[in-house]
Amino acid sequence: MTAQAAGARPSELRFLDPAVLARLGTLELKARAVVEGLLSGLHRSPFKGFSVEFAEYRQYLPGDDLSAIDWKVYARTDRHYVKKFEEETNVDCYLLLDVSASMGYGSRGVTKLEYGGLLAASLAFLMNRQRDAVALTTFDDAIVTMVPPGARPSHLRSILVTLDRTTLGHRTDVSKPLHVLADGISKRGLVVFISDLLDEPAHVIDGLRHFRFRGSEVIVFHLMDPAELTFPFDRASRFRDIELGDEVMAVPSVVRQDYLDAVKGAIDRYKRELGSEGIDYRLIDTSTPLEFALISYLSTRGRRR
Amino acid sequence: MPAFLSPLFLIGAAAAAIPIAIHLFYRRTEPVIDFAAMRYLRRAPVEHSRRRRLRELLLLALRVGALVLLALAFARPYIADPVIAGSGDATLVMVDISASLSAPGRFEAARERARRAIEDAPATQAIGLATFAQALDVVAPVSQDRAGALAALAQIKPGAGATRYRAALQGAADALEGRSGRIVVITDLQQSGWDAASDAGIPESIAVAVEDVGAPETNVAVTSLRVEGGEAVAAVQNFSSRPATDQVIFAVDTQRVGAVPVALAPGATAEARVPLVSVGSGSLSASISDRDGYSADNARYAVLDADAISVLAVTPTGHPSEALYLERALTIAEGTRGFRFRSIGGAGFTAIEPAALERVGVIAVLSTRAVAQRGREQLAGFVRGGGGLLVAAGPDVDAAILKDALAGLVETTWEPRPAQALTFAPDDSRHPVFRLFGGAGTLGNVGFSRAVRVTAPASASVIARYSDGSPALVEERTSGGRVLVFGSDLNYRGNDFPLQPLFVPFIHEAVRYLASQRTSRTEYLVGELQVAAMPGVVSLPAPASGRIAVNVDPRESDPGRMTADTFQAGISRLNASAARSEEAAAKEREDGQFLWWYGLLLMVASLAAEGVLGRRLG
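Protein sequences appear in the order of chains A and B.
The numbers in the working numbering rise by one with no breaks, and the one at position 180 of the first sequence is 180.
Count along the second sequence starting at 1, add 1000, and that's the number in the working numbering.
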């Protein structure tokens, strides 16, 4: 298998459009489609070269590093097995999914919540496959649901079911749930934060900084709808806040530049301040295939290891 | 309460619907977009919908307000007189007490109708009672006191005035004080009662009901009485459609002086004459005994007094000493050829009623102190009316004031000059004033120590001159009365004329000459003067002293009647007249208030505010 640098951008044609993906059946099916599609496209496994202590054998899966195949076992059993090491299984991954009302916005058939849920499911699926323990927490201005860490296949199912049943909550206020969660994590792990970050940036950054303080690695997936990124409206309209319900009157041609500047300013601030805290920040356009987000994650994981 | 001069323009206020329609139309065209990233959008120059909606409503209100104000301004608003609070329906019963009600049984019938009208009025209505002839007299004001109205009804008596429906109805409308309701007119529907001279009216909200008490079929009246060539002449007219005979009885001071039978064809007039032998004064009456017709016109009166000339002297304060010599000179003469003298101060003359001057023949101006503008105007009016003016240019008479008062009438003026010993003599010895003196020599004894320099216009006649040739007595004849200007005083201050024997005849002749243009009226109709309420001979109070005869208006003797419909038709004309009058009054009130101007100002302000707000709103 020819190695290709993890994180390289594969051809978009090979990935599923999020809108098409949304029309698939169960969340498990969607996650599987995403992950297997992603892994089949990779020429080398992202899980390579980080042995610490042997833990177990695992049957080879496409994408696994070929160097991890135990050829002796292959000679004895005529089957491919790869070695698993202790550290790999000791990583607990915490998926934090924002389910506030603003996540219900979607201009092209897929809402941010659907996209974020699928992203969380895909990550859970991916991690479960590599025997990492996965936890899931959904929140708006408080914690809505919480699934503790677990690595069993049945645990994956409970996470997927939880995600599948997720509904929109109230307004965004990440500060409180983030601090509560940071205090509740007893073991260092990987925190994947999926949100549209429509909150006061200082509160968001402060909450995520708390995780870093507790020794966890943090990846932030900042989901934004393409309409939020480009403000494509052209008629004078009344814009209604889907969280608060209040309206403002705006002429898009007049306000567009100010809006885009405000968005860019917020993104730049997140990039700058989260980066300075050692937090990976990924801006995800919900119109782009989900695999891009996964590749971002995998590249981050690979770089960390 | 607000009212409008041109209310049709208020239809223009419907244009206010245009901005409302535009507002509603454009309001629906703005799409509503649900959006999540509002925190970024709010940093752009957007406007909160609630605030915008408020602004839009304010903008709409300003536009609508401007259009409504424009319509209001064109409708010419004004504040009408408020209707009296608490007013409700009322009934005013007005009883005819004119001379025509003096026919047998008519007044009693009127009283009975009035009683029924009061008792039949709805209990919830206020009731009032009034009598009328030439004017309305409210005897029981409009109130809930029904018993009071009935008591007042029992007290009313027939009068001798002439019927004047318009004035009475106008008074009744005023008596209702803005209430709606009903006027019950109890009358004999005398045709001559409609007076076309009045433009008064009654409001539409007041109904008028007529109660006809009927009238006699015949009436014979004494319609005039005069003294002509030593005879008393009475005119008697038969107003009925059948012949009548009667006897005219003449009396002087209640003493019968003759009786003349008269036979009258239908509608005919006859004169009865009796000679008056050596009767120079007293009251003359001529009466008949018509029992079927109006009793008030069965007698007529005249005054036989030869008219003594009334002289009013205007002095500084009215004190008798200020016109002592003039008073003494005039009061010497008594009887029918005598004079009635009275003095009055300048302030009193200013305040005097014009009627009091009516019987004054001559005014002697001995002072102009405290004679204010009104007094000066009365002086001019007196001269224009034929009154004689004797001006004594003494120290109390200001030539400037007199010139101002008599501007356009008298041009003679004077100026002071140093004390100088002078005498005076007639310039025209044939003038009536000097007719008795028979020559200049007798007047030459009068010595003057102080005199003024009189300047007479060319139109004036100098009838006496001082020994230095300057005018001493000047006569000006105006289109009305005569004016004599004497170039010194008449109270023994600048000359010794009052001490001279010639002073009395001079004053008598001068006053008679001045008064000859003025004829005194000795006959009045009932109601013309306050003291002339009933027929007869009455004495006038001071200052217009003397006796006058008061008689019934001859038009009142005509029993010709109209129908109730004709009467109501007359009221309709009143209504039309009232409508015109109200319209004129409303226009006058509106002109005075200028509310339309404020409306336009407000409209301009609204449009300016709308422009500013609209620009901000984009």
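Each hint should be verified, as a subset may be incorrect.
Unchecked claim - With beta-carbon atoms standing in for the labels, derived distance ranges: (1) Leu1058/B to Lys271/A: 56 to 66 Å; (2) Asp1034/B to Ala142/A: 38 to 48 Å; (3) Leu1058/B to Gly109/A: 48 to 58 Å; (4) Val180/A to Phe1025/B: 35 to 45 Å; (5) Ala1014/B to Gly109/A: 47 to 57 Å; (6) Tyr1026/B to Thr145/A: 40 to 50 Å.
By construction, these hints were calculated from the structure, which means they are not laboratory data.
Owing to the predicted nature of the structure, the values given are computational and were not obtained by experimental measurement.
Think of the CB as a built atom: it goes at the ideal place given N, C-alpha and C, for glycine as much as any other residue.
Each hint, compared with the structure:
Checked against the hint of 56 to 66 Å, the C-beta distance between Leu1058/B and Lys271/A comes to roughly 45 Å, which is inconsistent with it. The given range of 38 to 48 Å is broken by Asp1034/B and Ala142/A, whose C-beta atoms sit roughly 23 Å from each other. Between Leu1058/B and Gly109/A the Cβ separation comes to about 42 Å, which falls outside the hinted range of 48 to 58 Å. A hinted range of 35 to 45 Å is violated for the C-beta pair Val180/A and Phe1025/B, which are about 52 Å apart.
A hinted range of 47 to 57 Å for the beta carbons of Ala1014/B and Gly109/A is consistent with their spacing of about 51 Å. Checked against the hint of 40 to 50 Å, the C-beta distance between Tyr1026/B and Thr145/A comes to roughly 46 Å, which is consistent with it.
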